Amino acid sequence: MALSFEHLQFALRGRTLLHPLNGQLLAGQVTAIVGPNGAGKSTLLSLLCGAQLATQGTVALDGRALAAWSHGALARQRAVLAQDNAVAFNHSVQEVVALGRYPHRLCPSRQESDIVPQAMAHAGVAGMAQRGIHQLSGGERARVHFARVLAQVWEAPEQGSRWLFLDEPTAALDLRHQTDLLQRARDWASGQGVGVVAVVHDLNLALRYADRVLVLQHGHCVADGVPEQVLTPGLLASVWGVEAWRTTTPAGDIRLQWV
Amino acid sequence: MSASASTRLPAGVPADVHAGVHAKAAKEVAIAAGTGSGTASGMESGAHGGLQRLGSARTLALTTVLLLVALVLGATQGAYALPASRLPSLLWEGLSSVLTAVHADLPVDAQVFFNIRLPRLLLGVAAGAGLAVAGALMQGIFRNPLADPGLIGVSSGAALAAALTIVVGAAWWPDLPRALGSWTLVLSAFAGGMAVTAVVYALSHAEAGARVGMMLLAGIAINAVAGAGLGLLSYMATDEQLRSLQFWLLGSLGGARWSAVALVVGLVALALVVALPLARSLNALSLGEAQASLLGVDVRRLQQRAVLTAAVAVGAITATTGIIGFVGLIAPHVVRLVAGPDHRVLLPASALLGAALVLLADAAARTLAQPAELPLGVLTALLGGPFFLLLLRATGGRAWR
Numbered sequence: 001m002a003l004s005f006e007h008l009q010f011a012l013r014g015r016t017l018l019h020p021l022n023g024q025l026l027a028g029q030v031t032a033i034v035g036p037n038g039a040g041k042s043t044l045l046s047l048l049c050g051a052q053l054a055t056q057g058t059v060a061l062d063g064r065a066l067a068a069w070s071h072g073a074l075a076r077q078r079a080v081l082a083q084d085n086a087v088a089f090n091h092s093v094q095e096v097v098a099l100g101r102y103p104h105r106l107c108p109s110r111q112e113s114d115i116v117p118q119a120m121a122h123a124g125v126a127g128m129a130q131r132g133i134h135q136l137s138g139g140e141r142a143r144v145h146f147a148r149v150l151a152q153v154w155e156a157p158e159q160g161s162r163w164l165f166l167d168e169p170t171a172a173l174d175l176r177h178q179t180d181l182l183q184r185a186r187d188w189a190s191g192q193g194v195g196v197v198a199v200v201h202d203l204n205l206a207l208r209y210a211d212r213v214l215v216l217q218h219g220h221c222v223a224d225g226v227p228e229q230v231l232t233p234g235l236l237a238s239v240w241g242v243e244a245w246r247t248t249t250p251a252g253d254i255r256l257q258w259v
Numbered sequence: 260m261s262a263s264a265s266t267r268l269p270a271g272v273p274a275d276v277h278a279g280v281h282a283k284a285a286k287e288v289a290i291a292a293g294t295g296s297g298t299a300s301g302m303e304s305g306a307h308g309g310l311q312r313l314g315s316a317r318t319l320a321l322t323t324v325l326l327l328v329a330l331v332l333g334a335t336q337g338a339y340a341l342p343a344s345r346l347p348s349l350l351w352e353g354l355s356s357v358l359t360a361v362h363a364d365l366p367v368d369a370q371v372f373f374n375i376r377l378p379r380l381l382l383g384v385a386a387g388a389g390l391a392v393a394g395a396l397m398q399g400i401f402r403n404p405l406a407d408p409g410l411i412g413v414s415s416g417a418a419l420a421a422a423l424t425i426v427v428g429a430a431w432w433p434d435l436p437r438a439l440g441s442w443t444l445v446l447s448a449f450a451g452g453m454a455v456t457a458v459v460y461a462l463s464h465a466e467a468g469a470r471v472g473m474m475l476l477a478g479i480a481i482n483a484v485a486g487a488g489l490g491l492l493s494y495m496a497t498d499e500q501l502r503s504l505q506f507w508l509l510g511s512l513g514g515a516r517w518s519a520v521a522l523v524v525g526l527v528a529l530a531l532v533v534a535l536p537l538a539r540s541l542n543a544l545s546l547g548e549a550q551a552s553l554l555g556v557d558v559r560r561l562q563q564r565a566v567l568t569a570a571v572a573v574g575a576i577t578a579t580t581g582i583i584g585f586v587g588l589i590a591p592h593v594v595r596l597v598a599g600p601d602h603r604v605l606l607p608a609s610a611l612l613g614a615a616l617v618l619l620a621d622a623a624a625r626t627l628a629q630p631a632e633l634p635l636g637v638l639t640a641l642l643g644g645p646f647f648l649l650l651l652r653a654t655g656g657r658a659w660r
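Chains A and B supply the protein sequences, listed in that same order. 259 is the number that this note's numbering gives the last residue of the first sequence; the numbers go up by one with no jumps. 660 is the number that this note's numbering gives the last residue of the second sequence; the numbers go up by one with no jumps.
It should be emphasised that the hints constitute simulated quantities derived from the structure, not laboratory data. You may find that some hints are simply not true.
Which bits of chain B does chain A cover? Going by a derived footprint, with three or more residues having C-beta under 8 Å, they are [said to hold, decoys possible]:
#, stretch
1, 392-404
2, 516-529
3, 539-548
4, 551-560
Note that the structure is predicted; figures quoted are calculated from it, not measured. We put the CB at the ideal spot given by N, CA and C, even for glycine.
My request is simple: use the sequences and hints to build the entire structure.
If you want it as structure tokens, here you go:
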């Protein structure tokens, strides 16, 4: 029940965006990918979820190379929330969320009719089910697409693991919805054994919700491990060039501060 | 954001109060169809005044009724008027004469109906349905409500081939009419449409990635070249050739012979059979090619099927009727305004509406300037344009916001 990658490398027009990378991500964990702009975070995410083919190296889901999976079978086990989610026509929110069930159209769940409403409730968009996607704000739209990816991997497959790939899922969200969304992903990981891989910019969100953090810089993985141990003021200085210090919340958790 | 003004009112306000114009327009449509209720409660309206849309069953019922009305109008109006009350018995007489193979004793009105009116109606239904579905397919594939079946070059290819046949065909390929007879123009136009579509498609696949964008640009370029060829051929043509070319370009159902009708109806039916199951994949494509692919849609195969289906349908229709503009563009638009963009409703409802529009335009073409017949392509645009503008005003153009 893992996603493993070997010698994973990606180059575009002769420019290497990701240098050879080995590793393994576990289902049931939240893995945060962090790093400065242009470090290769989205590239790594797109290679891991199979949206893009690696120049070299392989990604294997449950021991099977992604290239050997059919589009449909892969779509039943992993869902991807992209950054750019423009919808061409003014579908209702419910229609957009129901698109998440597309991979299951030939073999619907026994609870099929309940899944879309429940997914909308999980993402906090149930109240806007009949509104047009074009009438929503950016943050509302992001939550609708979160509901769509939840609906896509709502139930565990008969065998194999489930994965949620989230590319900057909190970028358009207010503080409350940022924590709601990541808490939901966190619950899915620990409660249902879903593997969550998220690109995040806010290091404190990574500290609070991630089991593991991968730090990328110039296409290299410069740190990998438990967030509290990895995200040190020294690392922030060398990777982001930002002077930061650690504080402790009243609950005793470690947070970072800068500015 | 004025768009959300009507959607954020308190839940306590009845939907038909703040839904305002939208509900009113939909109400009129519902009343016109005699589908009953005529209030906002009959529509899929959520709390907080969601989208005012007709449900799928109502939309299909409404477009079916519209098509039936258009069929009766088209059957009765014309140079030889037939009373609507005669239609059932005419159908019966014609059918029994076909079954018993006795043709001699058919009354004049039955002969008019069977040899002239009915094939024309069927051709109109097939043409309207095929053009509208092709339009919906292209808009879905290009993710653009302004896409048109002509975008992939099929209409201009057919027009160019028709012009070649009319203007230089007799001089360059004198054997062609001898071999193909009255099918010469139809077959060459069909072949031209398919050939130009194949060129556009091949060009768009020369470089991987950005395929749809390439297809759009290749289509524009090839359309321009075909337009130039058409212009050159018109310049070379004699007055008589120019007249028949112009007549062909303006579109007409006048050439409805049973054999041609059977061919077009068959190909359009085939196109519908292929197109309708693509609905869910086209919905997913609304999210973009990358997202659709992540949902398990085989985007390339979907594009191939849609383009081929549209090309075959539009090629066959255009080859038989000439250019009938506007139907492929507005029928899907109207359905989207009334019922929303779900392709499971959009494709069949567009087919029904497109068929009704072409029949109504043809009835007008035959009756407005009797005994002369106006060109159909002129009528579809002349009636379709203002109707579309009215609908846009009534709905506040909400499909685009």
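Evaluation of the provided hints:
no.: 1; hint: 392-404; in the structure: holds (count 3)
no.: 2; hint: 516-529; in the structure: violated (count 0)
no.: 3; hint: 539-548; in the structure: holds (count 8)
no.: 4; hint: 551-560; in the structure: holds (count 6)
The structure does not agree with numbered hint 2 stated previously, though it agrees with all others.
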